[in-house]
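> Sequence:
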Amino acid sequence: MYKILKKEEIGNRVYSIEVYAPEIARNAKPGQFIIFRIDDKGERVPLTVAGTDIEKGSVRIIFQVVGKSTTQLSLLNEGDFIEDFVGPLGHPTKIKNYGVVVAVAGGVGTAEVLPVIKELKKAGNRIILIIGARSKDLIILENELKETSDELLFATNDGTCGIKGFVTDVLKVVVAKEKVDVVYAIGPVLMMKAVSDLTKVKNIETIVSLNPIMLDGTGMCGACRVNIDGKTKFACVDGPEFDAHSVAWEELSLRLGLYKNLEKISLDNFSFNRECKCHKR
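Start counting the sequence shown at 1; every next residue gets the next number (this note's numbering).
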């Protein structure tokens, strides 16, 4: 059992949780993930490691409440326990001195990019970070991001922070005035595809994290199959990071929607059983 040491709501239905898992804390590297399971009947859910504290033996995960398992996790409090917490899994990010790195993150991908840019910064890179969100109140970890990047830029759909538009609008401006050595993108699949399309034309090396399509995290379920240069790979065991320009994005987008109806049914059943007491009679 893994104890929750700290819990904080850092955004609208977005939570940061620190879990006591000293072995994972000692071994986890940027880009890797864990799998948690609430109890022995829970589903396996992969989440990127958002940070570690070796002295405390803690691993930080940040998640948005979207389905049954994340709803259950959000209901736990400090001092409660998670039954399974496994990791680190996946291949870590390749950290080296590229030169100028532009990191692009959208949604909860903001949390996932944080440990990556910290290590890239330590390796001597200049970090330009572009954050996208629907509005200012959905931006998370702003102070931590400022400390870690050399330049922090924003794009929001409604214009309440940064420019009114998309991360690609900001990226176009950056690559027009900067010699960018590599772009690292993590967030919604459509966002990563748009970034990839832009950088491919500019011939800029681009790395994407395909953790949004992972399910059980072992390669056994096949849900995270992805076409990379015509070859079948699994995001969880072969990634989660890949060359963006090698990804078959259209095929990936179709796969992403396969389980949405089942996820909704599962959440609806869980919500009903929590609120309705008649089944306990």
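It is possible that part of the hints are untrue.
With a Cα cut of at most 35 angstroms, we get these calculated DSBU-like pairs of lysine-lysine [to be verified]:
(1) 96 with 6
(2) 202 with 41
(3) 146 with 118
(4) 164 with 231
(5) 96 with 177
(6) 41 with 7
(7) 96 with 41
(8) 172 with 118
(9) 200 with 29
(10) 233 with 193
(11) 121 with 41
(12) 164 with 146
(13) 146 with 94
(14) 231 with 146
(15) 179 with 164
(16) 146 with 121
(17) 96 with 200
(18) 121 with 94
Worth flagging that the hints you see were computed from the coordinates, not collected in a lab.
> Of the numbered hints stated earlier in the document, which are not met by this structure?
Numbers 2, 4, 7, 11, 14, in rising order.
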